[in-house]
Amino acid sequence: MAEVDSELIEKLKQLIITRLKLADMTPEMIETDAPLFGEGLGLDSIDALELVLGLEKEFGVVIPDAEVGRTVFQSVRTMAQYVEDQKR
Amino acid sequence: MGRTAFCFPGQLQERPTLKEDHPLRRDPHFKECVEMASRQASFDLLRFSFKGEEAGFNLKLQIATYLLSMVHFSRLRAEGWVPDIITEHSMGIYAALAASEAITFEEGLWITESIGRILEREGASSGGAMASIVGLPSGEVEKISQDLNGFHLSIANYNGSKHFVLSGEEEGIEKAIDLALSKKAISATRLTFNMGLHSPRLSVLSGEIRALLKKIEIRSPKFPILNHWTVRPLRREEIKDFLSQEIGQPVYWDRCVEKLIQEGINQFIEVGHGATLTKLIRWIDRDVEAFSAGDRFSPLCHSELVSESKR
Numbered sequence: 055m056a057e058v059d060s061e062l063i064e065k066l067k068q069l070i071i072t073r074l075k076l077a078d079m080t081p082e083m084i085e086t087d088a089p090l091f092g093e094g095l096g097l098d099s100i101d102a103l104e105l106v107l108g109l110e111k112e113f114g115v116v117i118p119d120a121e122v123g124r125t126v127f128q129s130v131r132t133m134a135q136y137v138e139d140q141k142r
Numbered sequence: 504m505g506r507t508a509f510c511f512p513g514q515l516q517e518r519p520t521l522k523e524d525h526p527l528r529r530d531p532h533f534k535e536c537v538e539m540a541s542r543q544a545s546f547d548l549l550r551f552s553f554k555g556e557e558a559g560f561n562l563k564l565q566i567a568t569y570l571l572s573m574v575h576f577s578r579l580r581a582e583g584w585v586p587d588i589i590t591e592h593s594m595g596i597y598a599a600l601a602a603s604e605a606i607t608f609e610e611g612l613w614i615t616e617s618i619g620r621i622l623e624r625e626g627a628s629s630g631g632a633m634a635s636i637v638g639l640p641s642g643e644v645e646k647i648s649q650d651l652n653g654f655h656l657s658i659a660n661y662n663g664s665k666h667f668v669l670s671g672e673e674e675g676i677e678k679a680i681d682l683a684l685s686k687k688a689i690s691a692t693r694l695t696f697n698m699g700l701h702s703p704r705l706s707v708l709s710g711e712i713r714a715l716l717k718k719i720e721i722r723s724p725k726f727p728i729l730n731h732w733t734v735r736p737l738r739r740e741e742i743k744d745f746l747s748q749e750i751g752q753p754v755y756w757d758r759c760v761e762k763l764i765q766e767g768i769n770q771f772i773e774v775g776h777g778a779t780l781t782k783l784i785r786w787i788d789r790d791v792e793a794f795s796a797g798d799r800f801s802p803l804c805h806s807e808l809v810s811e812s813k814r
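Chains as they are written, first to last, in my numbering: chain A, 55 to 142; chain B, 504 to 814.
If we strip away everything but chain B, and leave its shape as in the complex, we get:
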């Protein structure tokens, strides 16, 4: 019997494509989520997917990521998929919490928007940047951040043995990209973020986020959510601390996936619009099945695909 993990991705790096003929647009869960976001957050997902509004781009991407994860989660559940465990990457925690019913959909949307606004303000006042470095081992990436001492660089994401994200001051990130390429990285590119997410410098925001979360009552997750720092399920009473601290701490995605495979998970479903986590899992272990709900529409209904996980 297969054991399944639902994986909630972090912020999309580009505007989601939702053209007129996109199958998602015919999905009733999509329409419902779009309407709720429009009512609660005055956010028009379809308009954002087409129009070049750059103001507050990262905040809008975060909201879009949250909504699309929730749409795909609803689709999966409606088709009978049940996660044995939930795992998440970075801001994927908000949708993961809503999916596990530790918070409501509306609370998740509110948290995404509220924390997004705090980060947007921080980015505007303090700056910062992030870069994805692909093809170098951790020692080389750590050395780059040490060599650029003074730019407050740190590894923000441990995504796999040769996949890392660096966070820090913008000038330092630009220099890190040049250094990584000179050390024969296969790719070193800026991410869309205008702040150094998951770096210790953002820990200053923890108190503000903690205060914000006082308005929310967290319930016990219906499906366990793996804490990537401790690689144990998050307990209800830990969730607010996790949310307030995670922006200043790295994401250990590789550790998370390895732990789940050790625990017998052999099927990973990315609950989102892209396939980044799916590809990272493929790098970590080629033998486990991994796919993105966002890449599969009609095949999700195929009985042979569903049978293993249906209960």
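Okay, chain A solo, but in the shape it has when bound:
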């Protein structure tokens, strides 16, 4: 598993909670490697669009299409890896 910045992981968990208005959740409740869609957090395509917008606004990172989105939104860790890759 690739190493990613733990501060970034925390920020992304907070982004998920804020963008998706998951008022009852805290970052600790989101597992870094758990699937975001289907099982795990149970997100759907409407949530995906919120996260696309959130990543653009908060991190200046663009998800160009559904294929990239599928890879990026596998877990918080894959999101963090993508953000780090795009920032390099």
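Pair by pair, the computed Cβ-Cβ distance ranges are:
(1) E720/B / P89/A: 46 to 52 Å
(2) R580/B / E112/A: 39 to 45 Å
(3) D798/B / D119/A: 27 to 33 Å
(4) R713/B / E85/A: 48 to 54 Å
(5) A581/B / D139/A: 48 to 54 Å
Residues from chain B that face chain A, not an exhaustive set, calculated with beta carbons under 7 Å:
(6) V637
(7) G638
(8) L684
(9) K687
(10) I689
(11) S690
(12) K782
(13) R785
No farther apart than 25 Å at their CA atoms in a straight line, the calculated lysine to any residue pairs in the SDA-like style are these:
(14) K534/B / A581/B
(15) K665/B / S129/A
(16) K762/B / E104/A
(17) K141/A / E112/A
(18) K554/B / P519/B
(19) K665/B / T72/A
(20) K75/A / P640/B
(21) K75/A / W786/B
(22) K65/A / E792/B
(23) K686/B / T125/A
(24) K554/B / E93/A
(25) K687/B / T132/A
(26) K554/B / D98/A
Since the hints were made in silico from the structure, they are not lab data.
All C-beta atoms, glycine included, are put in the ideal place defined by N, C-alpha and C.
Given chain A, work out where chain B should sit, using these hints.
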């Protein structure tokens, strides 16, 4: 003082999960609704939630959606919630009408089942499909349906600035999904429907549905129900026309929510098992409160949550 809209969702897209420890199963309204559906429609909601019976899947999903909306409505009312207005999406109209007492619970169940059977027959004979397109603006989605001229595609749901549902012939829907993905949609997927609901081609069924509804006497809604075509409350005498025409007309959910916010509604409660409408409302306006009764069990009893809407 907050003003509250109850929002009745359209057909669930997957079997509802009602595991043994699901809090709903301890609810007396749930037991009552399950028993009534079993008696009247020979429909076993619990069995459907577990077993892989695929025959008549969409019809069963429609009945399950209706029942679960009515269960959640009963829960909300028992806890003191009162809607200032009711709004609905697609087939959510049947539960919306029953909730507003324009029809009885039994009549709503009968209408859901009867129209569901007509749609099931239509799907089997004429085919059709639907797809959800997320992440493209309306102009792009309209262009997709125009570019695939010949497959009778049309926008069936206007759910938000970048959320649409397309309806039409199955081959056209598959091509539309590919086109949408090539235009960088964030998601383009088939829905479970085996017919092109809310498309002009289904208008041929309006007469049959109108004839069916002759058996029902509609009363004035106790709570106003917003008509998403006119964005005015449905009048009693309009309801049968609305029911018979809506399967051939698009759903303007975005327009509906925007109108309600303009009118001062600041709290939207989805009266159903999922949270699709809640998420669509979040996209339309992040500042209004929206939640699904199906996602909240114990918090619904919290006095601070209830206080704003209790009368």
